[in-house]
Amino acid sequence: MATRIQIGNAIRANRKSLGYTQQALSGLTGIHKSTISEIENGRFTGSFDILERVLDAVGLQLEVSDKKHRLPDWDELDTLFTEDDA
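Count along the sequence shown starting at 1, add 95, and that's the number in our numbering.
Incorrect hints may have been included.
[Claimed, not checked] Listed below are the simulated EDC-like cross-link pairs for lysine to aspartate or glutamate, each with C-alpha atoms no more than 20 Å apart in a straight line: (1) Lys128 / Asp151; (2) Lys128 / Asp144; (3) Lys111 / Glu133; (4) Lys111 / Asp151; (5) Lys111 / Glu147; (6) Lys128 / Glu158.
[As the list claims (entries may be wrong)] For each label pair, taking beta carbons as the anchor points, the in silico distance ranges come out as: (7) Asp173 / Thr116: 43 to 53 Å; (8) Arg99 / Trp169: 24 to 34 Å; (9) Thr116 / Pro167: 39 to 49 Å; (10) Phe176 / Ala97: 36 to 46 Å; (11) Lys111 / Gly141: 16 to 26 Å.
It should be emphasised that the hints constitute simulated quantities derived from the structure, not laboratory data. Every residue gets a Cβ at the ideal spot worked out from N, C-alpha and C, and that includes glycine.
Please take these sequences and the hints and turn them into a complete structure.
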């Protein structure tokens with residue numbers, strides 16, 4: 096699953112490829128321009144309804160997937176637990 100920053104970057108890229116400004120997207124969705132800015136910058140913590148309207152307006156959808164956990168390889172363990180000599 097993407098991070099908020101990755102989602103925001105994708106929204107911004109699609110918005111620009113469609114030729115929309117944040118103000119135009121605001122008019123299209125009824126969502127304030129500052130909220131769109133928060134979404135695009137990964138700082139949005141509001142409702143899913145708002146995020147879904149923005150995603151829909153720029154031709155994106157949110158997909159849910161199982162969380163992936165990655166354990167370090169044996170070779171990485173030493174670097175994870177070494178202390179800085181500085």
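Now for the hints, and whether the structure bears them out:
1. Lys128 / Asp151: Satisfied, since the Cα-Cα distance of roughly 16 Å is no more than 20 Å.
2. Lys128 / Asp144: Distance of about 16 Å is within 20 Å: holds.
3. Lys111 / Glu133: holds, 16 Å
4. Lys111 / Asp151: The hint holds at about 15 Å.
5. Lys111 / Glu147: holds, 18 Å
6. Lys128 / Glu158: violated, 25 Å
7. Asp173 / Thr116: 43 to 53 Å: Holds, at about 50 Å.
8. Arg99 / Trp169: 24 to 34 Å: holds, 33 Å
9. Thr116 / Pro167: 39 to 49 Å: Holds, at about 44 Å.
10. Phe176 / Ala97: 36 to 46 Å: Given range 36 to 46 Å: violated, Cβ gap about 30 Å.
11. Lys111 / Gly141: 16 to 26 Å: holds, 22 Å
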